[in-house]
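Spelled out, the chains give:
2 protein chains.
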Amino acid sequence: MSAPKKQNMLIAQSGGPSMVINQSLVGAVIEAKKQPSIGRIFGSMHGIKGILEEDLIDLRKESASTLEAVAMTPSSALGTVRMKPTAADCKRIFEMLRDHNVGFFFYIGGNDSAETVHIINQEAIKAKHPIRCFHIPKTIDNDLRSNDHTPGFGSAGRFVAEALQGINLDNRALPGVHISVIMGRHAGFLTAASALGRVHDDDGPHLIYLPESSFSMPKFVKDVKAVYKKLGRCVVAVSEGISDSKGTAIASKFSKEVDSHGNVQLSGTGALGDLLVAELKARTTLPRLRADTFGYLQRSFSGCVSKTDKKEARDVGSVAVQTACQGVKSGSIAIKRKPGKAYKVSYKRVPLTSVARHSREMPATFINKANNNVTQSFIDYAAPIVGKLPKPGRLKGVKVKK
Amino acid sequence: MSAPKKQNMLIAQSGGPSMVINQSLVGAVIEAKKQPSIGRIFGSMHGIKGILEEDLIDLRKESASTLEAVAMTPSSALGTVRMKPTAADCKRIFEMLRDHNVGFFFYIGGNDSAETVHIINQEAIKAKHPIRCFHIPKTIDNDLRSNDHTPGFGSAGRFVAEALQGINLDNRALPGVHISVIMGRHAGFLTAASALGRVHDDDGPHLIYLPESSFSMPKFVKDVKAVYKKLGRCVVAVSEGISDSKGTAIASKFSKEVDSHGNVQLSGTGALGDLLVAELKARTTLPRLRADTFGYLQRSFSGCVSKTDKKEARDVGSVAVQTACQGVKSGSIAIKRKPGKAYKVSYKRVPLTSVARHSREMPATFINKANNNVTQSFIDYAAPIVGKLPKPGRLKGVKVKK
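Line by line, the protein sequences give chains V and Z. Numbering follows our numbering, in which position 223 of the first sequence is assigned residue number 214; successive positions increment by one, without gaps. Numbering follows our numbering, in which position 395 of the second sequence is assigned residue number 386; successive positions increment by one, without gaps.
Treat the hints as calculated values from the structure; they're not laboratory data. Be aware that a few hints might be false.
[What the hints assert, rightly or not] Calculated cross-link-like contacts (lysine-lysine; reagent style BS3-like; alpha-carbon spacing at most 30 Å):
1. Z:Lys382 to Z:Lys335
2. V:Lys82 to V:Lys119
3. Z:Lys390 to V:Lys75
4. V:Lys339 to V:Lys25
5. V:Lys25 to V:Lys40
6. Z:Lys(-3) to V:Lys387
7. V:Lys(-3) to Z:Lys393
8. V:Lys52 to V:Lys302
9. Z:Lys220 to Z:Lys(-4)
10. Z:Lys(-4) to V:Lys393
11. Z:Lys213 to V:Lys40
12. Z:Lys24 to V:Lys393
13. V:Lys390 to Z:Lys24
14. V:Lys382 to Z:Lys298
15. Z:Lys382 to Z:Lys360
16. Z:Lys393 to V:Lys117
17. Z:Lys382 to V:Lys301
18. Z:Lys221 to V:Lys392
19. V:Lys75 to Z:Lys221
20. Z:Lys382 to V:Lys298
21. Z:Lys390 to V:Lys(-4)
22. Z:Lys40 to V:Lys390
23. Z:Lys272 to V:Lys75
24. Z:Lys390 to V:Lys82
25. Z:Lys302 to V:Lys379
26. Z:Lys392 to V:Lys(-3)
27. Z:Lys119 to V:Lys392
28. Z:Lys117 to V:Lys24
29. Z:Lys117 to V:Lys392
30. Z:Lys216 to Z:Lys360
31. Z:Lys298 to V:Lys301
32. Z:Lys393 to V:Lys25
33. V:Lys52 to Z:Lys390
34. V:Lys(-3) to Z:Lys387
35. V:Lys272 to V:Lys360
36. V:Lys75 to Z:Lys392
37. Z:Lys75 to V:Lys387
38. V:Lys387 to Z:Lys298
39. V:Lys392 to Z:Lys24
40. V:Lys82 to V:Lys40
Work the whole structure out from these sequences, hints included.
In structure tokens form, the structure reads like this:
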């Protein structure tokens, strides 16, 4: 069986939305329009759900100005889904792709989405059908293996860094203890980004708790008391995924909702923050204990995009299409950082299996020995991805003699 | 007793921080430097607490560039306080002001802060001392009487509007029910601002609950179900101050912390959002129920300032100093909107009693009949204050034939 001269392309988005996932979509579509081997360009609504339900749209009918407006818009313009397809689903998806003469399949998402692409690709190989299956990376969690970092992280990290700058200033003006609960189930990169806006020695977050280290409530209380004693205030950033020494997420004790990938719901509730405040209330006399949970703000706030992130998200979309059109059968496009002082990246096709399913965590060198902060290595790593942050002004504050 | 030729000035910040309260501080200081009748310029740290403790700084020692950097920085650069002074405190404060040869006292804050200024002014009148006592308006709640709107509201409203734009797009991509809990104890203006980013007919927030209308749980559940039935999703904005028919705040059922103005703590906890989700979970079969509480993000996010708000906050600071130097003894500077189609404001000195203590609420014309949304009148009122918002792009979405 040989491929027809022109083959159709199908693209979809999956998993949690991000600030720049539409850049990847638009990057891929614009590149596809330049490729003579690509016929129709289908968008599937809500990921693979749209393929199963034949809910497809014609992306060649979108004007250049609409595409550019969509690229600048947060969240997933094609809709998204959190759905792990069964083997039967994958077979059906593959058949649908074949029926619509789809020769190029692109799926934008995280490690779960990469696994979906991998399974569909396996079905295609079994059927000896030359569909090219590509994963385009996206995750604010920054937890894809084989990548220096992932599109979506830079902008979400920027939101978190700017948010903590503000919360630190608020806490400095009206002292107390403030806890910010930030997304991140197993990987602490996004919570760690809270450190990027610090300027002065006494700037918060003063304590950062990540899912990579086991969380001890007595240690947490002790840490907060020590910071408060020194500064008269304390700003804490906590990952929603912090877990006890047995690996059980503290927040999971409040939630029974599980998605089809087996993940317990951690976001969309203030329970973890309120628990931490309750513990401090019970065990200390510290005043003004507050917790805010960033929730969906951090992945869809329209006013907060990292320029680097925006560009790279666009690039991985177009590189995926170029790579597929060059005859490569399958893969994911990984972001690699070039050695050297100046920040530069390259894009490399990697096998689907190298990003699918399993995720990565923060390397130990990014976490301090006390397991309650990040190291300068992390700052050096993340700063260029998140971009230059505002530098808060501070009064010199020359005291008047009493 | 006659005033000496030059008298010193003291300025302080009070109540919740905002994005632009430092603009008012810097506006006042820059204006004061131009006034020949003003000698030293003292800043009191943490509002009246700094006066009581003689914790003052010399604002003439700050460079122009530091002042401008501080003006662009969120939160209260002099620190702030939530403290209702006793009669004895006020007497002591007045004595301290007199001892430091303060002839001009400026206090930036909301209605509680205006009350503090009023009491100090009364003490000065009793003592026949010619201290000029001025209140400079600030509150993200937008609830000062005699004002069309207040500095701080425009930027916080902008944050809320942009946040809801993102949350609406997120919810459209990954449907379910999302509840945003927004600050506002008695006045719903900030929660109402969530409507300003809506572009398409189906854009959220689809339901808006304000403290001005009594909140009924069965009605809320019914409203959400109706929206979900129509759109397959539902985005809700709720004010932290929503109250039952007896006027008891729903959130107050979870909190016992009370500040010195007698206000129960409503912010810094996710309890209200989690309660609303629990009610929907118990009474419906709707999927993906999530609640996010904006907390302190909405008043200190450095990346979100309304240009109009920034300018007006600067202006009220300088106008207060000008007015005091023209010989007016006391007052507050109110923002008045000029009649006509184009947005224009003027600043007017009003008596302290007209803004002190009592606050204002949303007028009935801003709330729809069903008590679950805002009217076009509100949009027309608030849009110029918040400024032009991003316009999200949307795919035309031409369906592919099955």
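Hints, one by one, checked against the model:
no., hint, verdict
1, Z:Lys382 to Z:Lys335, "holds, 24 Å"
2, V:Lys82 to V:Lys119, "holds, 13 Å"
3, Z:Lys390 to V:Lys75, "holds, 25 Å"
4, V:Lys339 to V:Lys25, "holds, 21 Å"
5, V:Lys25 to V:Lys40, "holds, 28 Å"
6, Z:Lys(-3) to V:Lys387, "holds, 25 Å"
7, V:Lys(-3) to Z:Lys393, "holds, 20 Å"
8, V:Lys52 to V:Lys302, "holds, 24 Å"
9, Z:Lys220 to Z:Lys(-4), "violated, 72 Å"
10, Z:Lys(-4) to V:Lys393, "holds, 23 Å"
11, Z:Lys213 to V:Lys40, "holds, 29 Å"
12, Z:Lys24 to V:Lys393, "holds, 23 Å"
13, V:Lys390 to Z:Lys24, "holds, 19 Å"
14, V:Lys382 to Z:Lys298, "holds, 19 Å"
15, Z:Lys382 to Z:Lys360, "holds, 28 Å"
16, Z:Lys393 to V:Lys117, "holds, 26 Å"
17, Z:Lys382 to V:Lys301, "holds, 18 Å"
18, Z:Lys221 to V:Lys392, "violated, 67 Å"
19, V:Lys75 to Z:Lys221, "holds, 27 Å"
20, Z:Lys382 to V:Lys298, "holds, 19 Å"
21, Z:Lys390 to V:Lys(-4), "holds, 24 Å"
22, Z:Lys40 to V:Lys390, "holds, 15 Å"
23, Z:Lys272 to V:Lys75, "holds, 24 Å"
24, Z:Lys390 to V:Lys82, "holds, 24 Å"
25, Z:Lys302 to V:Lys379, "holds, 25 Å"
26, Z:Lys392 to V:Lys(-3), "holds, 19 Å"
27, Z:Lys119 to V:Lys392, "holds, 27 Å"
28, Z:Lys117 to V:Lys24, "violated, 80 Å"
29, Z:Lys117 to V:Lys392, "holds, 28 Å"
30, Z:Lys216 to Z:Lys360, "holds, 19 Å"
31, Z:Lys298 to V:Lys301, "holds, 25 Å"
32, Z:Lys393 to V:Lys25, "holds, 26 Å"
33, V:Lys52 to Z:Lys390, "holds, 10 Å"
34, V:Lys(-3) to Z:Lys387, "holds, 25 Å"
35, V:Lys272 to V:Lys360, "holds, 27 Å"
36, V:Lys75 to Z:Lys392, "holds, 26 Å"
37, Z:Lys75 to V:Lys387, "holds, 28 Å"
38, V:Lys387 to Z:Lys298, "holds, 26 Å"
39, V:Lys392 to Z:Lys24, "holds, 21 Å"
40, V:Lys82 to V:Lys40, "holds, 13 Å"
When each numbered hint is compared with the structure, violations occur for hints 9, 18, 28.
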